[in-house]
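Peer 1: With chain A held as given, fit chain B onto it using these hints.
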Amino acid sequence: MSKKHHHPHDAHAAITHDEKPGFYEILEISIRELLVEKGLLGPAEIREQIEVLDSRSPALGSMLVARAWLDPAFKQRLLDNGVAAAKEMGIDMYDDTDFSVVENTETVHHVIVCTLCSCYPRPVLGLPPDWYKSKEYRSRTVKEPRAVLEEFGTIIPAHVDIVVKDSTANLRYMVLPLRPAGTENYTESQLAALVTRDAMIGVKVLRA
Amino acid sequence: MQQVVSHNPAKYSVGDAVKVSERFPIGHYRVPMYMRGKLVTITKILGRYVNPEEEGFGKNAGNKLWCYLVSIPQDALWPSYTGKKNDRLEIEVFEPWLENIKTL
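Residue numbers (this note's numbering), protein chains in the order written: chain A, 1 to 208; chain B, 1 to 104.
Be aware that one or more of the hints could be misleading.
[Said to hold, decoys possible] Derived EDC-like pairs (lysine to aspartate or glutamate); straight-line CA-CA distance at most 16 Å:
1) B:85 <-> A:144
2) B:44 <-> A:80
3) B:85 <-> A:161
4) A:87 <-> A:150
5) B:84 <-> A:144
6) B:44 <-> A:98
7) B:11 <-> B:95
8) B:84 <-> A:98
9) B:64 <-> A:96
[Stated by the list, open to error] Quick list of simulated restraints, FRET-style, between CB atoms:
10) B:99 <-> A:84: 31 to 37 Å
11) B:75 <-> A:29: 21 to 27 Å
12) B:17 <-> A:105: 21 to 27 Å
13) B:43 <-> A:188: 44 to 50 Å
Quick caveat, the hints were computed from the structure, so don't treat them as lab data.
Think of the CB as a built atom: it goes at the ideal place given N, C-alpha and C, for glycine as much as any other residue.
Chain A with its partners taken away, still in its complex shape (with noise of 0.2 Å):
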């Protein structure tokens, strides 16, 4: 490589995989290959299923929030049943987890963790970013979640209760955010427009 034209965060640099694979990696590689041989699994849907992964994103969450804000009907039955709800959306739950949504209020505000790995409503809001991910996260959220918001920059007023929501088993949560004041003209794209992936983990809340 030129000195001239190397860079440490060449964004054009090839990916290469020219490092020892780690334990988990060869395991992961070992067990796709099996469901292959055995013709379980095929390749296809391997990447089939990559595919659905990566189609997820935020913009799924905002549109569910947007539309619950302008219509009370749908709000009552996204908090009752989330997966119904979000199905009638045009959104699937893929992986057969329970969709539960959790609204903020003027008096209640959540917050989502998974201390035991990394719990998250990915058919709604596509994968985790890595601090949610991160030990520290998932360690003081549970202990401290007023000390973690505010260093995303929230503080929560001392006359809102706090509920942490701890992801264990079944559930994933999304947070049904306030709506900031002033939106009140807003259509309905405006208004998802204005949903972030934070508030809806609840480490953030929105303003207009």
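Peer 2: Relative to chain A, chain B alone:
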């Protein structure tokens, strides 16, 4: 979502005060260490789900167990908690990990 199984009703009801078991078996468990031995209140009966402790070892489509949403005040969970009085934590716990404190 909640199935009705007349021969196998949920053992606990919403509002019951129960204790999370203080056990430390080796295996795949969904009860974080910080919850073990804690007194909690049943907030919601979530329904019956495949037991992850069996599923984690390949016994797929195994037993379904009742799973509950339970709640605990943050200051009961962490004696040194410096947040606010009504802050709380909610978490899912499978029935075999809950104990009736009335019979203790």
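Peer 1: Tell me, in ascending order, the numbers of any earlier hints that this structure violates.
Peer 2: The structure conflicts with hints 4, 8, 11, 13, although it agrees with all the remaining ones.
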